Each structure stands twice: as C-alpha cells, then as structure tokens.
Amino acid sequence: MSDFEETIRRLQSEKGVVGIIVVDSAGRVIHSTIDSDATQSHTAFLQQLCEKTKTSIRELDSSNDLTFLRLRTKKNEIMIAPDKDHVIMVIKDLS
Amino acid sequence: MSDFEETIRRLQSEKGVVGIIVVDSAGRVIHSTIDSDATQSHTAFLQQLCEKTKTSIRELDSSNDLTFLRLRTKKNEIMIAPDKDHVIMVIKDLS
Amino acid sequence: KTQTVQIVPPLSDEEKYRLTLDPEFLDSFNRSCKVISRALNEEIDICINYTKDPYEKAIA
Amino acid sequence: KTQTVQIVPPLSDEEKYRLTLDPEFLDSFNRSCKVISRALNEEIDICINYTKDPYEKAIA
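Residue numbers (the working numbering), protein chains in the order written: chain A, 1 to 95; chain B, 1 to 95; chain C, 1 to 60; chain D, 1 to 60.
No lab work stands behind these hints, which were simulated from the structure alone. Errors might be hidden in some of the hints.
Stated by the list, open to error - Each computed DSSO-like pair below joins lysine-lysine, with the alpha-carbon atoms no more than 27 angstroms apart: (1) Lys84(A) with Lys16(D); (2) Lys92(B) with Lys52(A); (3) Lys84(A) with Lys15(B); (4) Lys15(B) with Lys15(A); (5) Lys92(B) with Lys74(B); (6) Lys84(A) with Lys84(B); (7) Lys54(A) with Lys16(D); (8) Lys16(C) with Lys75(B); (9) Lys34(D) with Lys75(B); (10) Lys52(B) with Lys92(B); (11) Lys16(C) with Lys54(B); (12) Lys75(A) with Lys16(D); (13) Lys92(B) with Lys15(B); (14) Lys92(B) with Lys74(A); (15) Lys52(B) with Lys52(A); (16) Lys16(D) with Lys74(A); (17) Lys92(B) with Lys54(B); (18) Lys16(C) with Lys52(B); (19) Lys74(B) with Lys52(B); (20) Lys16(C) with Lys74(B); (21) Lys74(A) with Lys52(A); (22) Lys52(B) with Lys34(C); (23) Lys75(B) with Lys54(B); (24) Lys54(B) with Lys52(A); (25) Lys54(A) with Lys34(D); (26) Lys84(A) with Lys52(A).
What the hints assert, rightly or not - Pairwise CB distance ranges (calculated): (27) Arg58(A) with Val8(C): 25 to 33 angstroms; (28) Arg10(B) with Arg18(D): 24 to 32 angstroms; (29) Val29(B) with Asp35(A): 41 to 49 angstroms; (30) Asp35(A) with Asn64(B): 50 to 58 angstroms; (31) Asp35(A) with Arg38(D): 38 to 46 angstroms; (32) Gln12(A) with Arg9(B): 39 to 47 angstroms; (33) Ser13(A) with Lys84(B): 31 to 39 angstroms.
As the list claims (entries may be wrong) - Away from chain A, derived, C-beta distances all over 10 angstroms, residues of chain B: (34) Met1; (35) Glu59; (36) Ser63; (37) Arg70.
Remember, it's a predicted structure, so these values are computed and weren't measured experimentally. Each residue gets a CB set at the ideal place from its N, CA and C atoms; glycine is no exception.
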C-alpha cells in the first residue's frame, strides 16, 4: 500500500467518515472512496463552491486566501481543504 | 439595551471578533457592527455563497439543509449561520 | 466584469427596530448565536502550524 | 435549467498513480489531511441541541 493509500485509509477509518474525494486543480478526480455518480455530483458542486469562495476572498483582500471550508448540514458535515494543486473533500455522517 | 443589542454586544466581546452582520432573507442588513462599505462588500459575497450552498445541498438531497458554514482563510475565519428568516455572519480575526 | 445586482430597498431604522423586538426572530437569532459562540470558543485551532511557511502567521 | 459544463478528460489510472507518488503532491496532501483529521476529531459539536425539534437528529 502506498503512502497515499495509507493516508486515505487512515482518514476513512475516522469516526463518521463516509466519503473522501480528491480532485486536482482542474476538477479531475484523483481518488474517490464513493461511487462514480455520487463522486460526480459532489465534485461538481463542491468544486464550484470552492472556486467561487476563493475568488471572493481574494476580491475582498488580494493578500488573503481560503485555507479551509466547512459545510454543516442537518445530516452531515463536508470539509473541504483546498491546496494549490488539489482539493480534498471529506464527508462525515452525523447520525 | 434590548435583548438583541445585548446578544450582539456579548458576541462582539468574544475573542477575535471584528465584525458581525445580520441580514434578512432578502439580503437586507438588519444590523452590522462594521462600516457601510465593508458591510456591503461582505454581504454581497456571503449572501450569494450561502444561497448557492443551500441550493446545492438540497439538490444533492432534498431532505437535507445547510445549518452552518465556516470559511477559514489565512487572516480570519468567517462563520455564517443561516436561518429561515435571517443570516448571521461573524468575522473573527486570527492574528 | 458583469454582476447582477438586485435592487432591494434597505430596511428603515424603524423596520430594523421592530424586527429585533419580534420574539420569533429573537428566538432563532439567539439559537444561531449560541452555535456561533461555541465555534468562537473552540480551543483547538485545526489549521495552526500547517502552513508551508512557519512564519506565515506572523507576516499575515 | 442550464448549466455550463467544462468537458475535461478524466485522469488515466496511470496519471493518477504517478501523481500519488509525487513527493510534492504528497507533501501538501498530507498537510491538508492533518487539518481535516483535527476537524474530524473535535470533541465538541457546535450544532448539537440547537435545532427547533429536539428529535430532529433522530429523524434525520
């Protein structure tokens, strides 16, 4: 198992984690622990959200940058860690 | 001082809080602790973000709903609590 | 850069005042503030020390 | 409902594999995972008990 797979596996074993998606800066999936359709629908929405948020943060202050994004919903929590080359999205179930 | 003003004042005294904006569901400012221009620029961006996120969450699952949104940047953290009639945005400085 | 702006007349001072006295508004407002207060009082900073430049915090 | 879709060819299995072996990628990837890990391990749930319906959590 590669270092990458080991890290994914460790993250996946954290309490409540139901999905991990890693995309590159073009929105292409590098890795996903959920099925293709779910990956597609989540990626489309989260990628857009992330880009829009990043842009707006820089518009408000050109020296500032987005480092983390957390969406809390009734059923789950979605954590988005954007980096220069990739974005990691983790979905944690709250039940 | 009204209950509302008391709550705002208490929130404002929390460590790091540099701004509190309360808008109604139409995006109109109910209260803001920062100047008019800053309120305008922050409201425009955060209101849009909030709406887009809410819509996308419901598209992914019509029985789910957004309850909290946290943006972490290099310089600050923006917390957005959407409710059915209003949205509260709190900006906390990280320095 | 084009941006769609919806022109909504701002709330009058009286409208704002009346709203902040509304029990139903205050109810959900206070509930949201409790959540925010908890988030503000979190002890652990999840992002600390995880920047490429260890002095980035000081510079920012 | 219209939606702008950017057609980007997906990464090939080989491209994905090579990327996950890249030290620079792994470096920032691990850094992001540490932040996420901390967030996942937070003890305090800031939203708990603050819903209108006390049984909403069970229903959801």
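Against the structure, the hints:
For the hint pairing lysine 84(A) with lysine 16(D), the CA-to-CA distance comes to about 17 angstroms; that is within 27 angstroms, so the pair holds. Distance restraint check for lysine 92(B) and lysine 52(A): the Cα-Cα separation of roughly 21 angstroms lies within the 27 angstroms cut-off, and the hinted pair is therefore satisfied. Our distance criterion of 27 angstroms between C-alpha atoms is broken by lysine 84(A) and lysine 15(B), whose separation comes to about 30 angstroms. With a C-alpha separation of about 30 angstroms, the suggested pairing of lysine 15(B) with lysine 15(A) is violated against the 27 angstroms cut-off.
With a CA separation close to 11 angstroms, the supplied pair lysine 92(B) and lysine 74(B) stays within the 27 angstroms bound. Among the hinted pairs, lysine 84(A) with lysine 84(B) is inconsistent with the structure: their alpha-carbon atoms are about 35 angstroms apart, more than 27 angstroms. A C-alpha spacing of about 25 angstroms is found between lysine 54(A) and lysine 16(D), which places the hinted pair at or below 27 angstroms, so the restraint holds. Between the alpha carbons of lysine 16(C) and lysine 75(B) the distance comes to roughly 31 angstroms, so the proposed pair goes past 27 angstroms and is violated.
Among the hinted pairs, lysine 34(D) with lysine 75(B) is consistent with the structure: their alpha-carbon atoms are about 19 angstroms apart, no more than 27 angstroms. About 23 angstroms separates the Cα atoms of lysine 52(B) and lysine 92(B), which keeps this hinted pair within 27 angstroms; it holds. At roughly 25 angstroms between alpha-carbon atoms, lysine 16(C) and lysine 54(B) fall within 27 angstroms of each other, so this suggested pair holds. In summary, the hint linking lysine 75(A) to lysine 16(D) is not supported, as the alpha carbons are separated by about 31 angstroms, beyond the 27 angstroms threshold.
Between the alpha carbons of lysine 92(B) and lysine 15(B) the distance comes to roughly 8 angstroms, so the proposed pair stays at or under 27 angstroms and holds. With a C-alpha separation of about 24 angstroms, the suggested pairing of lysine 92(B) with lysine 74(A) holds against the 27 angstroms cut-off. Between the alpha carbons of lysine 52(B) and lysine 52(A) the distance comes to roughly 10 angstroms, so the proposed pair stays at or under 27 angstroms and holds. Between lysine 16(D) and lysine 74(A), the direct Cα distance comes to roughly 34 angstroms. Violation of the 27 angstroms bound is thereby established for this hinted pair.
Proximity of lysine 92(B) to lysine 54(B) is assessed by CA-CA distance (about 23 angstroms); at most 27 angstroms being required, the pair is judged to hold. Using a Cα cut-off of 27 angstroms, the hinted pair lysine 16(C) and lysine 52(B) holds, with the two alpha carbons roughly 26 angstroms apart. Of the pairs offered as hints, the one joining lysine 74(B) and lysine 52(B) holds, with about 23 angstroms between alpha carbons and a cut-off of 27 angstroms not exceeded. Proximity of lysine 16(C) to lysine 74(B) is assessed by CA-CA distance (about 34 angstroms); at most 27 angstroms being required, the pair is judged violated.
Restraint check: the Cα-Cα separation between lysine 74(A) and lysine 52(A) comes to about 23 angstroms, which is no more than 27 angstroms; the hinted pair holds. Distance hint between lysine 52(B) and lysine 34(C) is fulfilled; the C-alpha atoms sit about 24 angstroms from each other, no more than 27 angstroms. Pair hint lysine 75(B) plus lysine 54(B) holds up; C-alpha atoms about 25 angstroms apart against a cutoff of 27 angstroms. For the hint linking lysine 54(B) to lysine 52(A), the alpha-carbon distance of about 14 angstroms falls within 27 angstroms, and the restraint holds.
Restraint check for lysine 54(A) and lysine 34(D): the C-alpha separation of about 21 angstroms stays at or below 27 angstroms, so the hint holds. At roughly 15 angstroms between alpha-carbon atoms, lysine 84(A) and lysine 52(A) fall within 27 angstroms of each other, so this suggested pair holds. Evaluation of the 25 to 33 angstroms hint for arginine 58(A) and valine 8(C) yields a pass: the beta carbon distance comes to about 26 angstroms. A beta carbon spacing of about 54 angstroms between arginine 10(B) and arginine 18(D) contradicts the range 24 to 32 angstroms that was offered as a hint.
Range check, valine 29(B) to aspartate 35(A): Cβ separation about 43 angstroms, and the 41 to 49 angstroms hint holds. A hinted range of 50 to 58 angstroms for the beta carbons of aspartate 35(A) and asparagine 64(B) is inconsistent with their spacing of about 18 angstroms. Taken as a hint, the range 38 to 46 angstroms is violated for the pair aspartate 35(A) and arginine 38(D), whose Cβ atoms sit roughly 28 angstroms apart. The supplied range of 39 to 47 angstroms is met by glutamine 12(A) and arginine 9(B), whose beta-carbon atoms lie about 44 angstroms from each other.
Checked against the hint of 31 to 39 angstroms, the C-beta distance between serine 13(A) and lysine 84(B) comes to roughly 37 angstroms, which is consistent with it. The Cβ of methionine 1(B) lies farther than 10 angstroms from every Cβ of chain A, with a closest approach of about 31 angstroms, so its non-interface assignment holds. Look at glutamate 59(B): its CB is around 7 angstroms from the nearest CB on chain A, not clear of 10 angstroms, so calling it non-interface is violated. Its beta-carbon lying about 8 angstroms from the closest one in chain A, serine 63(B) breaks the requirement of being farther than 10 angstroms from that chain.
With a least CB separation of 4 angstroms from chain A, arginine 70(B) falls inside the 10 angstroms interface cut-off, contrary to its annotation.
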